Amino acid sequence: MSAAMTAPPIRAIDAGAPMMELRDIARRFEKKLDLAGRIARRLGAPVKEEVVHAVDGVDLTIRKGEVVGLVGESGCGKSTLGRMVAGILPPSGGTIQRNGVDIRSLDAAAAREMKLRTQMIFQDPYASLNPRMRVADIVGEAPLVHGIVSRAGYDAYVDEQMRRAGLDPAFKRRYPHQFSGGQRQRIGIARALAVKPDFIVCDEAVAALDVSIQAQILNLFIKLRTELDLTYLFISHDLGVVEHISDRVVIMYLGRVVEEAPSETVFAQPNHPYTRSLLDAVPRIESRKRAFSVVKGEIPSPLNPPQGCHFHPRCPHAMERCRVERPILKEVAPGQRSACHLNDAA
Amino acid sequence: MAAPTLEVRNLRTHFFTRAGVVKAVDDVSFTVERGKVLGLVGESGSGKTVTGFSIIGLVDPPGRIVGGQILFQGRDLATATEAEMRGLRGNRIAMIFQDPMMTLNPVLRIDTQMIETVLAHKKVSHEEARQRARDTLGMVGIPSPDERLKSYPHQFSGGMRQRVAIAIALLHEPDLIVADEPTTALDVTIQGQILAEVQKLAQTTGTSLIWITHDLSVVAGLADDIAVMYAGRVVEHGAVSDVLDRPLHPYTAGLIGSVPSRNKRGEPLRQIPGMTPSLLSLPPGCAFRSRCPRAAEACLAEPEIRETLPGRQVRCFRPMTEAAEQAA
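Residue numbers (full-length UniProt numbering), protein chains in the order written: chain A, 1 to 346; chain B, 1 to 328.
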């Protein structure tokens, strides 16, 4: 029995300024009316522009050295949130602070510097690499452009990045299609790390991989975290993966955070009914022939989410209040916050 | 004891490509008893889907079944004519695909497709067929089946579409359903709903099920037996609890070690090094040799699958024993 088993790596809470602080972040996607729609409206028909609230008022704090798991089902806005954190999608409302500085207050040079320090690793290792570029260029282009490495040190630098991600530098003249899925994901990781970021957003980074390859990549993430002192936002629909890698877990449902707590707490004492039903639905390798539990109903369309608490139509404990009033995130235990009216009743 | 619903014996399905012969399925044997669920587990390219396609007779050229028997209630499907297969497929044997849009025709209403399926194998009136379609939709948990019968596939969500595909598979109360990763593309809560329905159906109707998946966790909760495939072969076969609690083959042990779970939080996962070999150029001997921590001289020869314990089969010269596990 190793020491690591008895003591999971919990980072000291409140270690310095938060790396990333999101306040009331929102992102709306609007579908403009087409010509027919505009004419119909002018004639008095009740047509409206369709607005999707992909992310609806989310607060999120990520401290240095932490691994935060962001969990939710399709359409809950986890990827949209991840893209805003990574700085590749502007929010439609709210503020993002990086190391205590509002990113909108930065001048162009500082903003570029800030963006470089946050990198993203994508789900699909087939779509996120340029098929016409050689691996050496995929990994080395950005550090060269941004002056992180000189022309003279270029080759050695690329070799080092590839080796660190577990790739043989002998393959650096190859194209992405000559690699397997797992190796391509390693190329994506090498590319992200080549610009020396301190914060990584992983959007379903292991979802497309076979189990044995997924384990290899997860191990690589864990190793790089300690080696390079990285902070991760780890987005996934797979609770097993999130439980394995995260210190803290944030659970989203239809654009809102419903629960947020340290990993052990979420999986041992989930508070929100949605979290509980999600955990019940997850197949576990420890389980044997058993009755699968069932959450009733489907995820509603984000185009027309239910009033009040978004989860109330599927919630076994829904009350009158849940239909009208939006619950806010409140602390229910140290470090654990949940958005549910049941906590007031108790 | 009654005869098993399905008995696959030494099945070989090869693909004759320009680059060479791909032995996608090579000497696969297993049995499925009535009302039981077999989990057929493997990673991409292990031959699990081709095994399923071979059973239901959907292997297209350049692939063909080159050897072995597929005994379905005593009849050999490997040598059955296309006409015989048409009589069985959709009637006694049904298949559920990963992507329900493979089953559903996007330009036809659900009722058209379901009634057509009923009438293909049964001489009943149109009205009776509609009745049957409606009852089956209700059985798989689709609310207000009467209205939903008039919908087109695109008007359903992913989970609902998969339910419709399952309903179509159930129309004739088949004796065997081959399900190829039917919940892989679905969200966990929806997957839980579908698994619950399937489990209930297998228990109440006595339908046997082959559940093809890469997800050991799903199999752990659903199946009675498990067959683990690697590079076209079954490497381990036995009851779910035996195989998952005490794996004998190093590959099975590696797969189990690779699954992140609550017991292993924060630690590195016990990973399998390397990757699946190309089926075009399999090395001689055990196909798992190059990735195996227990590989030895003996593994240069080809291992046969053999029964080590009652009901447990493994294809390995140096299977994991408890002593070996402790040393690892």
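Rather than coming from a laboratory, the hints here were simulated on the basis of the structure.
Bear in mind the structure is a predicted one, so any value in this text is a computation, not a measurement.
You may find that some hints are simply not true.
Computed footprint of chain A on chain B; a stretch qualifies when at least three of its residues, placed anywhere within it, have a C-beta under 8 Å from a C-beta of chain A [to be verified]:
1. 57-68
2. 210-216
3. 252-261
4. 270-276
Derived DSS-like pairs: lysine-lysine, alpha-carbon spacing no greater than 27 Å straight-line [to be verified]:
5. Lys122(B) / Lys150(B)
6. Lys64(A) / Lys48(A)
7. Lys150(B) / Lys296(A)
8. Lys296(A) / Lys200(B)
A virtual CB, placed ideally from N, CA and C, is assigned to each residue, including glycine.
Outcome of the hint check:
1. 57-68: violated (count 0)
2. 210-216: holds (count 3)
3. 252-261: holds (count 8)
4. 270-276: holds (count 6)
5. Lys122(B) / Lys150(B): Answer holds: Lys122(B) to Lys150(B) is near 22 Å, not above 27 Å.
6. Lys64(A) / Lys48(A): Roughly 44 Å separates the two Cα atoms, so the pair is violated.
7. Lys150(B) / Lys296(A): Within the cut-off at roughly 23 Å; holds.
8. Lys296(A) / Lys200(B): Between Lys296(A) and Lys200(B) the Cα gap is close to 16 Å, so the pair holds against 27 Å.
Hint check: violations occur at hints 1 and 6; the rest are consistent with the structure.
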